[in-house]
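**Q** Listed below, chain by chain, are the residues.
Protein chains: 2
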Amino acid sequence: MMNLSIAEENYIKSIYKLEEEGQEAVTTNALANELDTKPASVTDMAKKLKEKQLISYEKYQGINLTSEGKKAALSIIRRHRLWECFLVDKLSFSWEEVHELAEELEHVRSEKLINRLSDFLGNPQIDPHGDPIPDALGKMGKPRVQTPLHKAKAKRLEVVAVSDKSTALLEFLNAKGIRLGTQLDVIERYEFDNSIELKIRNQPAFTISEQVSKNIMVKPI
Amino acid sequence: MMNLSIAEENYIKSIYKLEEEGQEAVTTNALANELDTKPASVTDMAKKLKEKQLISYEKYQGINLTSEGKKAALSIIRRHRLWECFLVDKLSFSWEEVHELAEELEHVRSEKLINRLSDFLGNPQIDPHGDPIPDALGKMGKPRVQTPLHKAKAKRLEVVAVSDKSTALLEFLNAKGIRLGTQLDVIERYEFDNSIELKIRNQPAFTISEQVSKNIMVKPI
DNA sequence: ACTTTTATTTAGATTTACCTAAACTTTATT
DNA sequence: AATAAAGTTTAGGTAAATCTAAATAAAAGT
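First to last, the sequence lines map onto chains D and P.
Mapped onto full-length UniProt numbering, the consecutive letters of the first sequence carry residue numbers 1 to 221.
Mapped onto full-length UniProt numbering, the consecutive letters of the second sequence carry residue numbers 1 to 221.
Each hint should be verified, as a subset may be incorrect.
When chains are identical, the list treats them as one kind, so a pair holds in a single copy or across two.
Derived lysine-lysine pairs resembling DSSO-like cross-links, with alpha carbons at most 27 Å apart [said to hold, decoys possible]: (1) K165 - K112; (2) K70 - K219; (3) K90 - K112; (4) K112 - K214; (5) K90 - K139; (6) K112 - K139; (7) K142 - K90; (8) K50 - K38; (9) K165 - K176.
Please keep in mind that the hints were generated in silico from the structure rather than gathered at the bench.
Sequences and hints are given; from them, build the entire structure.
**A** Following this line, the structure appears as structure tokens:
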């Protein structure tokens, strides 16, 4: 396997993520946005990654991973998710705070280290967010259907879990009638504050903040 | 604490190491050699680190860490040595192979991560090589007196351990009369192959290779 | 003290990963 | 279909960390 810089790895990972989220070809803008950088920088990197045969790319036509690129992405994702497991299971971090740390740890590229870490953790199949972990050969289970509400794409959803167990949140959800198994309809998503307007059955619609929606795990019905 | 790049951290760590090994002021050449880079690059970085007040440096006069610089060094060393403990204790790596991995892991700068890792490991005081681990406040125990023979500075030494337990090595040492507690006199160190000429008591001198001397742990008498 | 050798620094380039501003394509709107 | 808007690329530049080659300073040898 080729030797990638940290920047290159981050691009590959983001392209994989955006492809998985649905776009046929990943656009320059979407990638710039995902990586918190400028479109011009994305174009530069796209040329480099094409040169290395990790992506297919034609001017103005967007980006897709080649099979080599996918292999690389899965290896990075494997490292990321195993470190997340380690942080949560062994160092008792909460699942919300591990992402950034795993983001750094994932760039230590050593097959041996990662395979031993996996053994040490009991070869887990899913990470603390519920995402599947690719095995040493790059095989990965089905992507999870369950996502936090603020990221859900579908309009009709069912509540499957609440991740923040603070009484304040639980009381709020109770008051709104949101509990496990509740079916929600997304009426509207407001860009400016990422709040979401919801409806339950035939009851009047109401709005919840991004903070709240982040902690409601849902799956499409 | 300031935010250092990986390159800067590596310089700080090497300067600390060379200071500890005895030089009053660390020379450009020694540092270039330690970091496997060119003297010109060291001069560049010295200017930058001086700017950041981590070292004192005057043209042609060598380098020393300031107290800020020492604090930074101890923090990096703490991270490095804790990761070494983790790799050996939890992932069953052998102590010779952990250095390079720890070299990468050490650059993940998170106090919280490192303190939790330390707790998880039972707050060890020494790493797998026998070196002391600075605590969260930067306090560190006495540097170990025991070193592999190829690094020992003193001329009169006592054998305190043998790290490679292969029969081939043990037979060789036995034939030469080297065992635990044996007193050695270093007669000469040969630069070209790092071999060492030794004498035991009044017996005739003999020479051992670097390979062998790396596996003989000694302390000064 | 002078000269040679060794060590160090400067000057000028290079590479990676960015950036801004301007130019150019594609897509959407009238 | 023409034009406006949005998205993308190019051109040219910057900062970090490196390098080589040349210049300069310090140390060692005579």
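**Q** The structure should be examined with respect to each hint, and the outcome stated for every one.
**A** Hint by hint, here is what the structure shows:
When the C-alpha separation of K165 and K112 is checked against a cutoff of 27 Å, the pair qualifies only between copies, where the shortest distance is 23 Å, while the shortest distance within a copy is 37 Å. Taking the closest pair of Cα atoms, K70 and K219 come within 27 Å of each other only inside a single copy of the chain (26 Å); across copies the shortest separation is 52 Å, beyond that limit. With identical chains, the CA atoms of K90 and K112 are at most 27 Å apart both within one copy (19 Å) and between copies (14 Å). For the identical chains of this complex, K112 and K214 are inter-copy neighbours only, at 24 Å across copies versus 35 Å inside a copy, given an alpha-carbon limit of 27 Å.
In this assembly of identical chains, the alpha carbons of K90 and K139 lie at most 27 Å apart whether taken from the same copy (25 Å) or from different copies (26 Å). Taking CA atoms no more than 27 Å apart as the test, K112 paired with K139 passes inside one copy only; the shortest distance there is 17 Å, against 33 Å between copies. Taking the shortest alpha-carbon separations for K142 and K90, only the intra-copy value of 25 Å comes in at or below 27 Å, while the best inter-copy value is 30 Å. In this assembly of identical chains, the alpha carbons of K50 and K38 lie at most 27 Å apart only when taken from the same copy (19 Å versus 33 Å across copies).
With identical chains, the CA atoms of K165 and K176 are at most 27 Å apart within one copy only, with a shortest distance of 16 Å there and 68 Å across copies.
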